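Sequence lines, in order, name chains A and B.
Residue 332 in our numbering sits at position 332 of the first sequence, with consecutive numbering throughout.
Position in the second sequence (first residue = 1) + 10000 = our numbering.
Since the hints were derived computationally from the structure, they do not count as laboratory data.
Bear in mind the structure is a predicted one, so any value in this text is a computation, not a measurement.
Accuracy of the hints is not assured; some may be wrong.
Stated by the list, open to error - Straight line, CA to CA, 25 Å or less: simulated SDA-like cross-link-like pairs of lysine to any residue:
(1) B:11030 <-> B:10610
(2) A:20 <-> B:10289
(3) A:114 <-> B:10454
(4) A:107 <-> B:10610
(5) A:131 <-> B:10454
(6) A:356 <-> B:10222
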Amino acid sequence: MQKDRPVSLILDNGTVFHGKSFGYEQPTNGEVVFSTAMVGYPESLTDPSYSGQILVVTFPLVGNYGVPVGSFDADGLSSFYESNKIHAQAIIVSDYSFEHSHWNAEKSLGEWLKAEKVVGIYGIDTRELTKILREKGSMKGKIVFEDENEIEFADPNLVNQVAVVSCDEVIRYGKGDKKVVLVDCGVKHNIIRCLLKRNVEVIRVPWDYDWNDLEFDGLFISNGPGDPNHCDITVENIKKTMNNTDKPIFGICMGNQLLSRAAGATVYKLKYGHRSHNQPVRMVGTNRCFITSQNHGYAVDNTTLPSDWEPLFINMNDDTNEGIRHKSKPYFSAQFHPEAASGPTDTDFLFDDFVKLL
Amino acid sequence: MRDNIKKVLILGSGALKIGEAGEFDYSGSQALKALKEEGIETVLINPNIATVQTSEGVADRIYYLPVTPFFVEKVIKKEKPQGILLAFGGQTALNCGVKLYEGGILEKYNVEVLGTPVQAIMDTEDRELFVKKLDQISVKTIKSEAVDNIVDARRAAKELGYPVIIRAAYALGGLGSGFCDNEDELNVLAEKALSFSPQLLVEKSLKGWKEVEYEVVRDRFDNCITVCNMENFDPLGIHTGESIVVAPSQTLTNAEYHKLRELAIRIIRHIGIVGECNVQYAFDPYSEDYRVIEVNARLSRSSALASKATGYPLAFVAAKLGLGYGLFDLKNSVTKTTSAFFEPALDYIVCKLPRWDLGKFQGVDRELGSSMKSVGEVMAIGRTFEEAIQKGLRMIGQGMHGFVGNKEIKIDNIDKALREPTDKRIFVISKAFRQGYTVDQIHELTKIDRWFLQKLYNIMMTANELEAYSDVKYVPTDLIKKAKQQGFSDFQIGRSVLKDSMTDAEQTILDVRKLRKEHGILPVVKQIDTLAAEYPAQTNYLYLTYNGEYNDVNYLGDHKSVVVLGSGAYRIGSSVEFDWCSVNALTTARENGFRSVMINYNPETVSTDYDMCDRLYFDELTFERVMDILDLENPHGVILSVGGQIPNNLAMRLDEQKINILGTQAKYIDNAEDRHKFSTMCDVIGVDQPRWKELSSMDDVNEFIAEVGFPVLVRPSYVLSGAAMNVCSNQQELVQFLELAANVSKKHPVVISQFIEGAKEVEVDAVADNGEVVMYAISEHIEFAGVHSGDATIQFPPQKLYVETVRRVKKVAREIAKELNITGPFNIQFLAKENDIKVIECNLRASRSFPFVSKVLKINFIELATKIMLGLPYEKPSKNEFDLDYVGIKASQFSFSRLQKADPVLGVDMASTGEVGCLGDDPAEAVLTAMLSVGHRIPEKNILLSTGTTKQKITLLESARMLVDKGYNLFATGGTYRFLTENNVPCTQVYWPSEEMQPQALEMIQKKQIDMVINIPKNLTSGELSNGYKIRRGAIDNNIPLITNARLASAFINAFTTIDIDDIKIKSWDEYK
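Okay, chain A solo, but in the shape it has when bound (with noise of 0.2 Å):
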């Protein structure tokens, strides 16, 4: 163990903090956010959401159980991934578990980093990286194995990292009697499996497709990573959806943003956003509480909406907003994960909300 690599985390800020490199060794660079979820660590990395970012994990003891195998059903959905491939530029952990131990269990966290070209670096004081983090808010963040002058800094959201992470083509899942058009902006499988298991037809399509032309009943706008304010088509061709007809819409996380977008509202950057397991979102006007999944870094600004919609959710934290709905027509959309993996289950609700309304 006295073997692997010294490597540096280096802040745009200038902190510099030293580690191990337990997974592939290249330098990288990146937007560094961290999560406080204890479990769930596959689920993250193959979250498109943390498309061009650096994890940190604030549980300092990592890949205990190892990674599931990557293998894919018959709808071409992973087994056990949120997608296809890890997404996160590198992952920053305290404590490395080199052995792992779970029956299902294909092989070590390391080695998956290794195979699919992932930094991972352990040996860090996250808890103290996570303060810097959340007092100065996301920073930029680099990876070098010798020289600092190795790679550059980069700011992901320059990038519009939806158009990245979206399927090319237009893909069908599972029969049923109800259509449902799922727009990708980087979706995680496991919102797929939510709406399949409830016996509706997903035909998912590229961020930037006009679906107006297909037949369908409901339209569910997915998570994604980056910055919003990049997904203008997507948000022009929610619009057209809404004031063409009457049908149902959901969308999670980023389809949160991007449905507040196409009703009027503005989108703004949170200082570190929320990426955890223990969000606690209250439903507005009642007393019904959820602890709810998170990974977002803008938020919808509540006093923008129009007055025809209305706050969902409201953070129980600091206030920002979680969710908003139409008045009197049948949209709504969360900005946490109901769909969970990784993360509590409690709002799973809404996807019957949903589905009822088709």
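Starting from the known structure of chain A, fit chain B onto it as the hints suggest.
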């Protein structure tokens, strides 16, 4: 919140016992705090006088009465509360609450159960109802099917899925049960079992499954959270209380974690809990299959642990929910800004380890299984598993230094020891690694998940790396750092490197410390903030780790803090009383302008509630860690005298490091602790002691005994097996004990003391200032000397001491205080016989009885002592114990029913696990209340007597007459029968198990024809003990009250024959004036 609730009754858990310990002082105190915040008047029933919750200002009214329906009803009648809380006093309070409900008492007095409804409690307590309830929501439980033929057995097994376990119904001792992996095995076993039992129980075997728990909270609006999950290191089959537990779970994937979480929420909703409960699962290590083991519809040991592990105050929140709040109404008490409706995210791992004291018991079964035997626990926090477990193994406080670097243990058969775990299990694993066992081999034998074993193996590998060096100076910095990150202490590093050449351990520790400081290898302080640093939190809840580079807190270096060292794991001889002392020292320091700093690691305590002090270091009490903290804190001073023996033992070494010890100075502490120095001092000031000598050969032993005569108290310095001390009455016993239990040699001398028979034991608890006694309390044991002071029944103020004795005791206490220049609390134990007094022990620290005497006298000895130690002005109390118009009795609680096969007899070594303190207007009333509080019952009609020696028989003769006069039937064994008959006390003769006549005493016990057993062993020799063993054990196993001391028996009999249970006055503490 509900506004019709103005006054609430809360039930405590009574004396500490195995399975129900300090955690309920913590949860009860939290609940009381929550109610107080709402302006609700609180009434508490709890006879455990040593607790924090039964202190002034915590509850408005406190009743030191038994937590039984009889007394609770009387309190309800008097106090007329609108609400009652049942979930904060363990199983005792819950059971009592269910009985009150079933008996219609709550309805009669219109008392509303706040929080979880009683029906929901009953649904979880009754096995059949529970299974049915969970069936309704398709949640799997552990079921067994009863069958009476082989065909049905095969069908049942097939339905359940192999492997199965089959048990023969109505068969004792597991006869005919076993595991079957397939139908062939079932055929063989079932056939055999059916041959001697008409019925078989077929049950799915969950051997080797993981055990996982969730702590779940629900409000009345149906909002639910799981605050914490925990995973057992030991697989199913070992009671959670006996298992090492980690939080959060370490080997569960996201899918598994959330599957069980979702189920836990589904269960709590369906059962209808309002407040907190815990759900225990068995979890298949090879699939996602699970079974629910049980649900506890109350605060539990696990919930206390979860609160400490996460910083989420479960009991406090549960109490608020009981009052009708929603989780969304409450704030996170750590961040103060974010919502209490959230699930803590940890950025560290905690490890709970049980503390056993099985060595204190004769004959006890040491194998771990489904019943709990541990008497305490510790919680270790780290940022690697290796760090946490090694800390924990040191915290346990049984001379172990971690996973490696310990004294060799002797194991005859490692395979067997791995397969059949005992309290030594983790050290067996260490030994097995040393002998070349692989992780896989150990996994096969123990079924402990490989992940845990691999981490332990990492520790072993690092030890091997260190062992390659022979001088600490040459060990590479990286290796020292790695070792520290894996939780190695400086001692472990030193021993690994120096091996047998380490002669001066204390010096080695200092050398390693110096070296690593030079290399900048220092621990950092991290906060526990419930949100893994996501939000800023001004939390004062801290731990130290080597897995990090930066401190979370800043140090002012203003010398304004006072560090109080706590008492560590509860164990026999040190428990909640020192927690009370610690909390009072903290509070006093805080109230007087100091920053109070606590170091302790026992999750069951109130002192480790981060609200109780300005800074809490949840960490080790070793010299190394205390010095680490003192280096950072740079405090005004350290208080060592309120946490029992652990802090006291650090005095000399801290003093050498120029630490400002508040109170009595280290050299005086050493003068009291060192037997020789203390004796010399007593001789100089003319204070008498029983004669004693440290001897290293049999000849010297014999010579000394020839002078002092038998009986003698023998204390070996090196114990092979069994209890550490013994009383020997003759040469044969002496030889036997020294040969069996100890070796006498130059290296292992033995201390022999004169043992004075028939002497009274008297204690002084006192506080002094610069050698002058400021306050004292003299109390008297009911039992004669020979029963450990921790097991004895104590009356305060003393009821039967000569004035002259009292005068002499006071005088000696003053002389010793002066000679040792005592500043702060101290305790001296005396023997008194015909006004002749001898000192037997002196501790320059608070003793076990400090809370008892403080509360009876209503003068807080620790507050006074702390003020003195801090050099603050104080008023010398004018009150005197001889002014009191009432009596306090402290009685001991034993947990023999949990300790299979242990002989329930009292001796010079302590055996009790807890105590109560009750008040009465006269001794009889106080004795009766106290005895009922520790689980005795007033017998119905039949009493079995075996009353020991002639002297003891005489002691009990009058009692026997009183029993007969009261209409009791006496049954007596041979000698006692003859004695009673000769003295005209009518009784029936019964026979010992070794006699072949009828009626047999043991059979009567088993048939529950006896209501109380009084069995007084003649002496503590093994021959004598074995005669009565079956009777005593029979009484315990059949839940029949047992008394083994003649003087205690006499006091109890006197109490219940002279006053009626209805005569016990229902008076709260403040009504005793």
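### Task
Compare the distance between the alpha carbons of residue 107 of chain A and residue 10610 of chain B with 25 Å, and conclude whether the hinted pair is satisfied.
Distance of about 42 Å is beyond 25 Å: violated.
### Task
Given the hint that residue 20 of chain A pairs with residue 10289 of chain B, test it: the Cα-Cα distance must not exceed 25 Å.
37 Å, violated
### Message
Please verify whether residue 11030 of chain B and residue 10610 of chain B have alpha carbons no more than 25 Å apart.
### Response
47 Å, violated
### Query
Holds or violated: are the alpha carbons of residue 356 of chain A and residue 10222 of chain B at most 25 Å from each other?
This hinted pair holds, its Cα atoms lying about 23 Å apart.
### Query
Holds or violated: are the alpha carbons of residue 114 of chain A and residue 10454 of chain B at most 25 Å from each other?
22 Å, holds
### Message
Tell me if the straight-line CA distance from residue 131 of chain A to residue 10454 of chain B falls inside 25 Å.
### Response
31 Å, violated
Violated hints for the displayed structure, listed by number in ascending order: 1, 2, 4, 5.
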